[in-house]
Amino acid sequence: MGESAAWVSFTGAEDSKIVDLFADLPIKVEVRFGAELSESEAEDIRHDAMSDLMATGAFSQLVGEADPTAGTVSIRYQVEPGQEIDSYVAGAVSAVMKSNGRADIDVIEATEDISIDPELIRGGASISGCTAGFNVRILGSPQYKGFVTAAHCPNAAGTPSGSTYGTVYRGQHAGAYGEVQKHSSSDPLIGNTIIIAPSTYRSITTVVYPTAGQSVCNYGKTRSAHSCTTVRKVGLAFYADVDGTDLYISRMVQSNGTFTNGGDSGGPWFINNSAVGIHFGKSGGYSTFSQAGFAQSILNIAIITS
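If you count by the working numbering, then the sequence shown holds residues 3 to 308, one letter each, in order.
If a hint is listed, it holds; no wrong ones were tucked in.
Using 35 angstroms as the maximum straight-line C-alpha spacing, the simulated DSBU-like pairs for lysine-lysine come out as follows:
{"#": "1", "residue 1": "K235", "residue 2": "K223"}
{"#": "2", "residue 1": "K235", "residue 2": "K100"}
{"#": "3", "residue 1": "K223", "residue 2": "K147"}
{"#": "4", "residue 1": "K235", "residue 2": "K19"}
{"#": "5", "residue 1": "K235", "residue 2": "K30"}
{"#": "6", "residue 1": "K147", "residue 2": "K235"}
Derived CB-CB ranges, DEER-like:
{"#": "7", "residue 1": "G246", "residue 2": "G215", "range": "32 to 38 angstroms"}
{"#": "8", "residue 1": "D17", "residue 2": "S62", "range": "42 to 48 angstroms"}
{"#": "9", "residue 1": "G160", "residue 2": "E16", "range": "53 to 59 angstroms"}
{"#": "10", "residue 1": "G246", "residue 2": "T207", "range": "34 to 40 angstroms"}
{"#": "11", "residue 1": "R34", "residue 2": "E82", "range": "37 to 43 angstroms"}
{"#": "12", "residue 1": "S188", "residue 2": "D115", "range": "40 to 46 angstroms"}
{"#": "13", "residue 1": "G93", "residue 2": "N274", "range": "49 to 55 angstroms"}
{"#": "14", "residue 1": "G160", "residue 2": "G36", "range": "49 to 55 angstroms"}
{"#": "15", "residue 1": "G93", "residue 2": "G246", "range": "29 to 35 angstroms"}
{"#": "16", "residue 1": "S62", "residue 2": "A178", "range": "19 to 25 angstroms"}
{"#": "17", "residue 1": "D17", "residue 2": "A72", "range": "16 to 22 angstroms"}
{"#": "18", "residue 1": "T224", "residue 2": "E82", "range": "28 to 34 angstroms"}
In case anyone wonders, no lab produced these hints; they're calculated from the structure. None of the values given here were measured: they were computed from a predicted structure. Glycine included, each C-beta is placed from N, C-alpha and C at the ideal position.
Use the sequences and the hints to build the structure in full.
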């Protein structure tokens, strides 16, 4: 994993027993104490604030970040075309900033692009409109094998290129843990490899959670080879159109790359032999993805690693 590292924070006082639990992990983990909020508390506060703002109908887009350690929530907004930043908008912003006594909420007008662009080829009737992500085991009874992709991709995925077997839509999640969906296939050759360039493959052996500054790579069907960049932000939240409805999507990861295109949605983000994410599209012009680790738990799947 090279430069990979991580941190975890706790709201309580420093405890050496907790530090010892992380000492033997294969990556360096910084253990922090005294956080103002838990991760779930910060997410709830951010969600409530962004929902209240969106309900006014005055904003075309909201992007939120939360820092549980500092106890802060930052929300950037764009107003609907033709909407003046008048007393109504100012009042809505002021009300949200005063709405929670546990966190400092900052709401400001965006000075840079915060548009959200799911990179789906519209009108695509099969997986040709998107890119399949990692191969998975769909847990439960009965169990299936298949793949994970983006939730805004067509539910009727058709037959993936390179296979003669059709697929069956098995469910999706678009919300607090990203924007992902799962499909099953009876293809007997489903394994732990991904395409990183035409006729070039890589085995996936682990699943990791991304950290800011980490190197990550992506392959999408619109490009002749995989492209690499670094993680820009972890834990981004915004509203996105999924099946014709604007939904609150959280715990997303924004990269520093801008190389993805329409049709790359659902494709794998990885580093070395580790699964990192499932491609969404762009946020603020930057390539953005859902976290593979959260996709496993929320969809009840296991990314195939052997």
